[in-house]
Amino acid sequence: MIYFNSFIFAGFVCAIAQFILSKTKLTPGHITAIFVCIGAFLDVFNIYDKIILWAGGGALVPITSFGHMLTHGAIQGYQTEGFMGLLGGTFDLTSAGITTAIVVSFFLALIFKPKD
Amino acid sequence: MEKNKYKNIVDQNTPKENTFYDCLIAFITGGLMGVIAEILIEFYQNLLDIPFKSATVCMLVTLITLSCLFTCFGFFDKWVNFCKCGLIIPITGFAHATQSAALEYRKEGLVTGIGANMLKLSGAVIIFGVVSSWLFSIIRMVVGLI
Numbered sequence: 001m002i003y004f005n006s007f008i009f010a011g012f013v014c015a016i017a018q019f020i021l022s023k024t025k026l027t028p029g030h031i032t033a034i035f036v037c038i039g040a041f042l043d044v045f046n047i048y049d050k051i052i053l054w055a056g057g058g059a060l061v062p063i064t065s066f067g068h069m070l071t072h073g074a075i076q077g078y079q080t081e082g083f084m085g086l087l088g089g090t091f092d093l094t095s096a097g098i099t100t101a102i103v104v105s106f107f108l109a110l111i112f113k114p115k116d
Numbered sequence: 001m002e003k004n005k006y007k008n009i010v011d012q013n014t015p016k017e018n019t020f021y022d023c024l025i026a027f028i029t030g031g032l033m034g035v036i037a038e039i040l041i042e043f044y045q046n047l048l049d050i051p052f053k054s055a056t057v058c059m060l061v062t063l064i065t066l067s068c069l070f071t072c073f074g075f076f077d078k079w080v081n082f083c084k085c086g087l088i089i090p091i092t093g094f095a096h097a098t099q100s101a102a103l104e105y106r107k108e109g110l111v112t113g114i115g116a117n118m119l120k121l122s123g124a125v126i127i128f129g130v131v132s133s134w135l136f137s138i139i140r141m142v143v144g145l146i
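The listed protein sequences correspond, in order, to chains A and B.
Quick note: the first sequence uses the numbering used here, first residue 1, plus one each step.
Quick note: the second sequence uses the numbering used here, first residue 1, plus one each step.
Excised from the complex, chain A in its bound form:
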């Protein structure tokens, strides 16, 4: 059942994004930025945590989960260490993804030549 839920949720998010992309003149960069902001907003009152419980991996793979993790880390940091924890905890959960993306693409760019 959780596979079905994750299919529905991830597909729904992508379809909304595609609809915005087709109907307006926004670029994919705008749309990913908007969706990150939506994800960050949904975490303020722990709505996104419930969605993750419901949809599992389907809620973790869209870019909205990136915003969710940023806010989640910041709030977690604030609850343990106060205001400085809010600043220090922002990247707690997302750093693995960002580090992997940067390191892997750096080394692969050294090896591969661009295709035209």
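No wet-lab data here; the hints were simulated from the structure.
The reader is advised that the hints may include incorrect statements.
[To be verified] From chain A, some residues computed to sit far from chain B (all C-beta separations above 10 Å):
| hint | residue |
| --- | --- |
| 1 | Lys-25 |
| 2 | Asp-49 |
| 3 | Lys-50 |
| 4 | Glu-81 |
| 5 | Met-84 |
[What the hints assert, rightly or not] Short, incomplete list of chain B residues facing chain A, as computed with Cβ under 7 Å:
| hint | residue |
| --- | --- |
| 6 | Ile-41 |
| 7 | Thr-65 |
| 8 | Cys-68 |
| 9 | Gly-86 |
| 10 | Thr-98 |
| 11 | Ser-132 |
Quantities reported herein were computed from a predicted structural model and do not represent experimental measurements.
Built from N, CA and C at the ideal position, the CB exists for glycine as well.
Dock chain B against chain A, hints included.
Just chain B, lined up with the frame of chain A:
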């Protein structure tokens, strides 16, 4: 008269974008990405005995590495052109943007090319994410104090 003719020819030859068809493809491919993510999480959790929090991180790392590799082999661009938001909105789009910028600016040198331009496309995600999450956690903090 000439302008009208020209406009007609342009209208005939621009490829028609069917919104419903595009949305359907984005729905199916995005949903498949979600199912793959769930399968990976279950795989790491049950077969390798990793706790849920770390399994999600492993899943993200796997997907990012795979999409970087596929971008380098050259066929991920075609997939993105076909699926559009079905692959841009999942974390694969972030990795694809980083990797293609790094490949494109490779010839301009290590520091001024890769270093300066790698986050050219995906930097928007990080910057807007950090700014909005800072704002929202401040709001949460103020609400908690009241």
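Hint check:
Listed as outside the interface, A:Lys-25 is consistent with that label: its C-beta sits roughly 13 Å from the nearest C-beta of chain B, beyond the 10 Å cut-off. Annotated as non-interface, A:Asp-49 keeps its C-beta farther than 10 Å from every C-beta of chain B; the closest such distance is 12 Å. Distance check for A:Lys-50 against chain B: the nearest CB is about 15 Å away, which clears 10 Å, and the non-interface claim stands. Taking the minimum C-beta to C-beta distance to chain B, about 12 Å, the non-interface status of A:Glu-81 holds against the 10 Å cut.
Residue-level check passed: A:Met-84 sits 12 Å from the nearest beta carbon of chain B, beyond 10 Å. The closest approach between the C-beta of B:Ile-41 and any C-beta of chain A is roughly 5 Å, which is under the 7 Å cut-off, so the hint is satisfied. With its C-beta approaching chain A no nearer than about 5 Å, B:Thr-65 sits inside the 7 Å limit, and its interface hint holds. Hint status for B:Cys-68 relative to chain A: holds, with the closest Cβ pair at about 5 Å, below 7 Å.
Checking B:Gly-86 against chain A: minimum C-beta separation of about 5 Å stays under 7 Å; hint holds. Nearest Cβ of chain A to the Cβ of B:Thr-98: about 5 Å, under the 7 Å cut. The hint holds. Among the interface hints, the one on B:Ser-132 holds; its C-beta lies about 4 Å from the nearest C-beta in chain A, closer than the 7 Å criterion.
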